[in-house]
Amino acid sequence: MRIGVLTGSPLDGITVDPACVTAVESTLRALESAGHHLVDAPLPLPATEELISAFTTVWNAGGAAIELADPERVEPHNRALRAAARSTDSWAYVEQVRRTQQLSRRIVEGFTARFDLLVTPTMACLPPLVGTLGAGADENPLAPLLNSYPMGVFTSVFNVTGQPAVSLPLHHDEATGLPVGVQLVAAPWREDLLLQVSRTLELALPWSGRRPPAC
0 MRIGVLTGSP
10 LDGITVDPAC
20 VTAVESTLRA
30 LESAGHHLVD
40 APLPLPATEE
50 LISAFTTVWN
60 AGGAAIELAD
70 PERVEPHNRA
80 LRAAARSTDS
90 WAYVEQVRRT
100 QQLSRRIVEG
110 FTARFDLLVT
120 PTMACLPPLV
130 GTLGAGADEN
140 PLAPLLNSYP
150 MGVFTSVFNV
160 TGQPAVSLPL
170 HHDEATGLPV
180 GVQLVAAPWR
190 EDLLLQVSRT
200 LELALPWSGR
210 RPPAC
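According to numbering that gives the first Met the number 0, the sequence shown is numbered sequentially starting from 0.
Any given hint could be a false lead.
Pair ranges (Cβ atoms, derived) [unchecked claim]:
no., residue 1, residue 2, range
1, R105, R198, 30 to 40 Å
2, W206, A82, 35 to 45 Å
3, R198, P70, 30 to 40 Å
4, W188, D16, 28 to 38 Å
5, I13, E190, 42 to 52 Å
6, P75, L192, 16 to 26 Å
7, A91, P211, 38 to 48 Å
8, I51, A82, 24 to 34 Å
9, I13, V107, 36 to 46 Å
Think of the hints as simulated: they come from the structure by calculation, not from any bench.
Please read all numbers here as calculations on a predicted model, not as lab measurements.
We treat Cβ as the ideally placed atom computed from N, Cα and C, and that holds for glycine.
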């Protein structure tokens, strides 16, 4: 198979933890040992701002499908997202849906022309402490969304394209004792390939006997 690699953050300003890069590197060695070929070619991605703007508009509107018994009890960042969705007119919403589809098609076409499988970190950071996501929400209701970027910067791209992906706990950070995930992404409709390669990696880099440190 042709194996692509993405370890640099698709979003400017986010630093990828070295342990997350190490996790990808050990995975690539296992895949090479299994006879697969690494492709030295980047995944063509659109400008970050363009993708985020289109996706956020669509994402915010998802709240319309959820009926709330008491809207005042919703967390501040969810209230802010619902308010943003309500302020978006139908024309602008459809424009961003169309733009998301166009960007997705461009990414998928570039993917299939270069790779059979793409390997990335699952997150740009180590597993965060409980409560990290909500830090700063008292001052800025959108802080939880911004705080989540390092956790979702690699996975969110494929939420947009709809490509099948899986996260595997293939690495263990010795310094912290924390598990580090690796994401595998395949072309559309190739869930079978993900399952096959996941099994290969589970045998090569088993994780069932590892345990995080006790608190």
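Each hint, compared with the structure:
1. The hint said 30 to 40 Å for the Cβ distance between R105 and R198, and at roughly 31 Å that hint holds.
2. Between W206 and A82 the Cβ separation comes to about 42 Å, which falls inside the hinted range of 35 to 45 Å.
3. Between R198 and P70, the C-beta spacing of about 45 Å breaks the proposed range 30 to 40 Å.
4. Taking 28 to 38 Å as the suggested C-beta distance range, the pair W188 and D16 conforms, at roughly 32 Å.
5. For the hinted restraint 42 to 52 Å between I13 and E190, the CB-CB distance of approximately 28 Å leaves it violated.
6. Checking the proposed 16 to 26 Å range against P75 and L192 shows it is violated: the Cβ atoms sit about 41 Å from each other.
7. With their beta carbons about 44 Å apart, A91 and P211 fall inside the hinted range of 38 to 48 Å.
8. The hinted window of 24 to 34 Å between I51 and A82 is violated, with their beta carbons roughly 18 Å apart.
9. Separation of I13 from V107 is about 23 Å and departs from the stated range, judged on CB atoms against 36 to 46 Å.
Of the numbered hints stated above, those contradicted by the structure are hints 3, 5, 6, 8, 9, listed in ascending order.
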